[in-house]
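K.L.:
Please work from the sequences and hints to get the whole structure.
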Amino acid sequence: VYEKKKLVHEDNYCKYDNEYLQMFTSSLYIAALIASFAASKVCSKFGRRTTLQIGSFFFVIGVALQAGGVNLAMVVLGRIILGFGVGFGNQAVPLFLSELAPAKLRGALNICFQLFITIGILIAGIINYFTSNIHPHGWRISLGLAGVPAMILLVGSFAICETPTSLIERNQIDQGKDTLRRIRGTNNIAAEFDSIVAASEAARQVKNPFRKLMRPSSRPPLVIAIVLQVFQQFTGINAIMFYAPVLFQTVGFGSNAALLSTVITGLVNVFSTLVSIYTVDKAGRRVLLLEACVQMFITQTVIGMLLLLHLKPTGSLGSTEAMVVVVLVCVYVMGFAWSWGPLGWLIPSETFPLETRTAGFACAVSSNMLCTFIIAQAFLSMLCHMKAGIFFFFAAWILVMGLFTLFLLPETKGVPVDSMAERVWKQHWFWKRYMIDDDENDGDKVVKG
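The opening position of the sequence shown corresponds to residue 1 in my numbering, with each subsequent residue numbered one higher.
Honestly, I wouldn't trust all of these hints.
Listed next, the in silico SDA-like pairs over lysine to any residue satisfying Cα-Cα at most 25 Å (straight line) [to be verified]:
id, residue 1, residue 2
1, K45, E162
2, K432, R286
3, K312, G389
4, K45, M214
5, K177, E162
6, K282, L408
7, K41, Q175
8, K45, S419
9, K426, E162
10, K426, P416
11, K41, D174
12, K413, K312
13, K104, F57
14, K41, T179
Think of the hints as simulated: they come from the structure by calculation, not from any bench.
P.N.:
Listed below in structure tokens is the structure:
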């Protein structure tokens with residue numbers, strides 16, 4: 001793609017308006033969207049561990065097809081299969097972590113999922129930097145090295161235990177109790193065990209969890225889960241992370257310098273996620289989200305103003321302005337990495353009751369993948385047509401996100417997963433109107449707490 005830009009008319013905002021790059025980038029996410037619903041069924045019927053194993057197989061196969069691709073179709077097919085792995089992995093891992101973690105550590109442990117995603121992004125940036133000058137097979141090395149974490153995940157998925165909640169939900173009561181005792185490191189598990197058993201018994205009476213999601217009492221966690229996924233993508237983070245080399249070349253960096261800049265943002269991403277692990281169970285979810293909205297709104301707006309005033313269709317920014325843009329992007333990434341990045345996955349994984357947990361989280365995953373697909377498919381064209389205005393577009397979304405968080409997002413810090421209905425939704429000024437007990441005609445049952 002970088003070479004083909006020389007063959008077409010270009011300016012600072014339209015250098016890479018390339019449909020093949022967009023197709024390659026976005027194909028993974030539409031595949032993950034489709035896979036997430038199948039993963040929901042597997043996760044509920046066969047458990048979180050089996051779901052992760054299936055996802056791992058998809059990762060290994062997808063990497064092999066991409067690295068060995070002889071044409072674009074084969075590479076895209078490999079990326080689609082990787083998307084199936086993402087759909088299964090994103091369904092299983094957050095639920096696995098939320099169900100294993102004690103309530104007081106749930107936020108920190110769940111954010112480890114996002115932490116290792118950011119570490120992966122950083123490693124990918126470093127690999128791309130060093131393989132960019134290896135001709136003609138540098139891209140094969142870059143894609144093929146993804147097989148290392150894929151194999152680690154595959155082997156590791158056979159070494160981990162199933163969650164007690166999943167075992168009990170599938171009527172393996174004694175094994176679930178033994179697993180709970182082992183992971184808690186104590187025999188004093190009666191209260192937690194009884195809570196899981198009660199939730200599981202209620203869940204087994206729900207014949208169709210997706211239909212149950214449509215009932216008023218399921219609306220608060222469902223709306224929150226979907227809205228958080230939409231907002232997470234419309235912060236503009238994936239647009240910036242996917243196309244960081246494009247963005248940095250737009251403001252005047254060379255090809256290798258642009259790739260190096262993505263390594264810098266990757267480092268910022270990792271260390272800021274560590275901040276979230278330390279603070280999320282102390283400061284709470286809302287504080288981190290609201291602070292980040294202010295931080296991201298300011299940086300997006302200032303970047304937009306700098307490009308609007310100083311970057312013409314031809315030429316480049318001065319060195320000072322270009323460095324300011326890089327610093328602002330890093331500050332923006334910091335805000336996202338300790339808030340909307342990890343919490344966009346944490347909050348949906350901890351707010352659904354057991355009877356709709358896998359179905360509800362499938363809706364969250366599919367919403368995330370749909371929005372990621374839309375942004376990945378549209379960003380280059382949006383940058384070409386909107387130019388600096390694209391940063392104001394994302395800033396406007398961030399303003400809406402802040403208002404939603406301020407008025408409609410309740411705090412879930414320290415609340416046991418199976419107590420969300422009583423202690424969160426029924427206490428919230430807006431959502432409590434939906435927390436009514438329905439008379440079910442089809443055997444479904446609303447859980448109180």
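K.L.:
Give a verdict on every hint.
P.N.:
We went through each hint and held it up to the structure:
1. K45 x E162: holds (13 Å)
2. K432 x R286: Holds, at about 19 Å.
3. K312 x G389: Between K312 and G389 the Cα gap is close to 13 Å, so the pair holds against 25 Å.
4. K45 x M214: Distance ~21 Å between K45 and M214 Cα, so the pair holds.
5. K177 x E162: Status holds; Cα separation ~12 Å.
6. K282 x L408: Roughly 21 Å separates the two Cα atoms, so the pair holds.
7. K41 x Q175: This hinted pair holds, its Cα atoms lying about 22 Å apart.
8. K45 x S419: Status holds; Cα separation ~23 Å.
9. K426 x E162: This hinted pair is violated, its Cα atoms lying about 31 Å apart.
10. K426 x P416: Roughly 15 Å between the alpha carbons, so the hint for K426 and P416 holds.
11. K41 x D174: Distance ~23 Å between K41 and D174 Cα, so the pair holds.
12. K413 x K312: Violated - the C-alpha atoms of K312 and K413 are around 47 Å apart, more than 25 Å.
13. K104 x F57: Violated - the C-alpha atoms of F57 and K104 are around 33 Å apart, more than 25 Å.
14. K41 x T179: holds (23 Å)
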